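Peer 1: One-letter residues, chain by chain:
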Amino acid sequence: MITLHWLYALAGAMFAAFALLSALDRSNAKRFGNAAFWGLMALSLLAGDLIGDLGNGLLVLGLAGLAGFGFLGRSSPPTTSVEERQRWSEKLGNKLFLPALIIPVTALFGTLLYNYTPLGGAGWIEPKRETYVFLGFGVLLALAAIFAWLRPPAIAPLQEGRRLIDAIGWAAVLPQMLASLGVLFAVAGVGDAIGALTRTIIPEGSVFLTVVVFGLGMAIFTMVMGNAFAAFPVMAAAIGVPLLIQGYDGNPAVIGAVGMLAGFCGTLMTPMAANFNLVPAALLEMKDQYGVIRAQIATALPLLAFNILIIYFMAFR
Amino acid sequence: MINYWPLLGIALVVIGFALKYNPMLVVTVSAIVTGLIAGMDPVQVISTFGKAFNDNRIIAIVWIVLPVIGLLERFGLQQRAAALIRSLRNATTGRLLILYLLYRQVTAAIGLHSTAGHPQTVRPLVAPMALAAAEKQHGELTEAEVDTVKSYSAATDNVGLFFGEDIFFAIGSIVLIQQTLFTYGYNLAPLELAFWAIPSAIAAFFIHSARLLLLDRKLSVGAERSRGTSARASLDFARDERSDDQ
Chain A
50 MITLHWLYAL AGAMFAAFAL LSALDRSNAK RFGNAAFWGL MALSLLAGDL
100 IGDLGNGLLV LGLAGLAGFG FLGRSSPPTT SVEERQRWSE KLGNKLFLPA
150 LIIPVTALFG TLLYNYTPLG GAGWIEPKRE TYVFLGFGVL LALAAIFAWL
200 RPPAIAPLQE GRRLIDAIGW AAVLPQMLAS LGVLFAVAGV GDAIGALTRT
250 IIPEGSVFLT VVVFGLGMAI FTMVMGNAFA AFPVMAAAIG VPLLIQGYDG
300 NPAVIGAVGM LAGFCGTLMT PMAANFNLVP AALLEMKDQY GVIRAQIATA
350 LPLLAFNILI IYFMAFR
Chain B
33 MINYWPLLGI ALVVIGFALK YNPMLVVTVS AIVTGLIAGM DPVQVISTFG
83 KAFNDNRIIA IVWIVLPVIG LLERFGLQQR AAALIRSLRN ATTGRLLILY
133 LLYRQVTAAI GLHSTAGHPQ TVRPLVAPMA LAAAEKQHGE LTEAEVDTVK
183 SYSAATDNVG LFFGEDIFFA IGSIVLIQQT LFTYGYNLAP LELAFWAIPS
233 AIAAFFIHSA RLLLLDRKLS VGAERSRGTS ARASLDFARD ERSDDQ
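Chains as they are written, first to last, in my numbering: chain A, 50 to 366; chain B, 33 to 278.
Check each hint, because a few of them may be wrong.
Stretch by stretch, here's where chain B covers chain A in the computed footprint (C-beta under 8 Å, at least three residues) [what the hints assert, rightly or not]:
| no. | segment |
| --- | --- |
| 1 | 84-90 |
| 2 | 194-203 |
| 3 | 241-251 |
| 4 | 257-271 |
| 5 | 282-296 |
| 6 | 299-306 |
Here are the computed lysine-lysine pairs in the DSS-like style, where the Cα-Cα straight-line distance is at most 30 Å [claimed, not checked]:
| no. | chain 1 | residue 1 | chain 2 | residue 2 |
| --- | --- | --- | --- | --- |
| 7 | A | Lys144 | B | Lys168 |
| 8 | B | Lys83 | A | Lys336 |
| 9 | A | Lys177 | B | Lys83 |
| 10 | B | Lys83 | B | Lys52 |
Note that these hints are calculated values from the structure, not bench results. For clarity, every value in this text was computed on a predicted model and none was experimentally measured. Every residue gets a Cβ at the ideal spot worked out from N, C-alpha and C, and that includes glycine.
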């Protein structure tokens, strides 16, 4: 059966190559910092299950130290110039889109075929992970197609990949760090404290204001944790179940579903949700690292108000 | 008595981000402090942090698309995406992004949320197309305007994903809602929960689309100003100044 570990191995091998190429890149003054950083990522993906919890912890401290004390430098691996790219673009025409579509199309049709035809019954992919597996297939297919058609230098995919990962830098690892921080928050009882705090500001007897505190609480706690999944059980325990469902006889499906979406409005407004809000700023090489959040606030706030109103009008009919 | 001390970890994160310390350090320091407050010894804290990092490796998988994206950029994919948009007479940044918003919501709603995303589609295709359309509407873009168009491209992907995926009943958040409420004795069908994600999805589409059309307006207003049509420019002066403040 193809499991996630196959993909960890693929990604780990890629990061190992990035590390090696970084170490050999004399044009980058901080080449050994980059090599160590991507090398640790490779180690985590290839051998994370073998080095124990403490080993993983030290690995994470290493990543944070390298990133936090400025050991990473932006590299400039060999690639084509803007003029050369313009010429290629004119020469190849719209056919150039075809290899770009291989990844999404493979993931799309692979997932559909696997789930809605007897193909999935054979159970040759880890359950619920088929889209990731087809994403990996898509990558390999696209690479094969590009090599067959355009014959780039053999090292080119790794150098071009390194160009992009160095442009993103440590932001590529931050989402995983934040997810880990969430685990420690949970262990330390941050959720209980937030829940208790929220209960102290609930006004007695007003359904509307209770709904408002529930919706705002979901959004704000999501902003703090960077993740609506962490906020939902806390807000459900503090307000959703005891007050809205049991106290005011609200519809649990509306309160649950739309409450979660109120949390998603919070996700749009927080740097803690790094993979959605900070990573794209780095990936698109934007000047303002909070630019994506700024562009989202004016969508998130009216949508949050809408979600609160939906709960109020639909859950208490 | 509830223990409020764990909130110190959150305060550290907020302060650290506000003072623009490196987020990797801020997160690590906050994790260690939070763990120590919870009564763990230092080795336990680091082990817990490391185990959580290892359990979340799936987040790193998406980077395997980078070699393909980089390779296609080498052969001019971004230039090609821009050329395609320039050849479409009616293409504007706003309309293009509305189309992408719809695509993202619909594919996410049928469970295909991992098939698009910032590395897979926004960097190689959506952002270069949106920039080309903006240049067509507006002429040469300033650095700030380039950033704005890029930020709306990324934002559109997020809004489409968040307010599409919950319509699909077999997604993590629906399972989480169901499991959480089940512990209190409410056994809801996933489809029932997915149904109540639909009104918000529709609202998200209209709210964000309206903002994308406003972006179009802002881009074309800026274009008139830069072309220097003096009468129009003076009429729009007040509005321009306001939009610059945002």
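Peer 1: Three residues minimum, CB to CB under 8 Å: does the segment 241-251 of chain A make the cut for coverage by chain B? Let me know.
Peer 2: Contact hint for the segment 241-251 of chain A vs chain B: holds, 5 residues under 8 Å.
Peer 1: For the pair supplied as a hint, Lys83 (chain B) and Lys52 (chain B), is the alpha-carbon distance within the 30 Å limit?
Peer 2: With Cα atoms ~27 Å apart, Lys83 (chain B) and Lys52 (chain B) stay inside 30 Å; holds.
Peer 1: Is the straight-line distance between the alpha-carbon of Lys177 (chain A) and that of Lys83 (chain B) 30 Å or less?
Peer 2: holds, 22 Å
Peer 1: Do three or more residues from the segment 194-203 of chain A put their C-beta atoms closer than 8 Å to C-beta atoms of chain B?
Peer 2: Contact hint for the segment 194-203 of chain A vs chain B: holds, 3 residues under 8 Å.
Peer 1: With a cut-off of 30 Å on the C-alpha distance, tell me whether Lys144 (chain A) and Lys168 (chain B) pass.
Peer 2: holds, 23 Å
Peer 1: Quickly compare the C-alpha distance for Lys83 (chain B) and Lys336 (chain A) to 30 Å and report which way the hint goes.
Peer 2: violated, 34 Å
Peer 1: Counting residues of the segment 84-90 of chain A with a beta carbon closer than 8 Å to any beta carbon of chain B, are there 3 or more?
Peer 2: violated (count 1)
Peer 1: Given that the segment 282-296 of chain A was listed as covered by chain B, double-check it with a C-beta distance under 8 Å for 3 or more residues.
Peer 2: holds (count 4)
Peer 1: Count residues of the segment 299-306 of chain A with a Cβ under 8 Å from any Cβ of chain B, then say if the count reaches three.
Peer 2: holds (count 5)
Peer 1: Count residues of the segment 257-271 of chain A with a Cβ under 8 Å from any Cβ of chain B, then say if the count reaches three.
Peer 2: violated (count 0)
Going through the hint list in order, the structure does not satisfy hints 1, 4 and 8.
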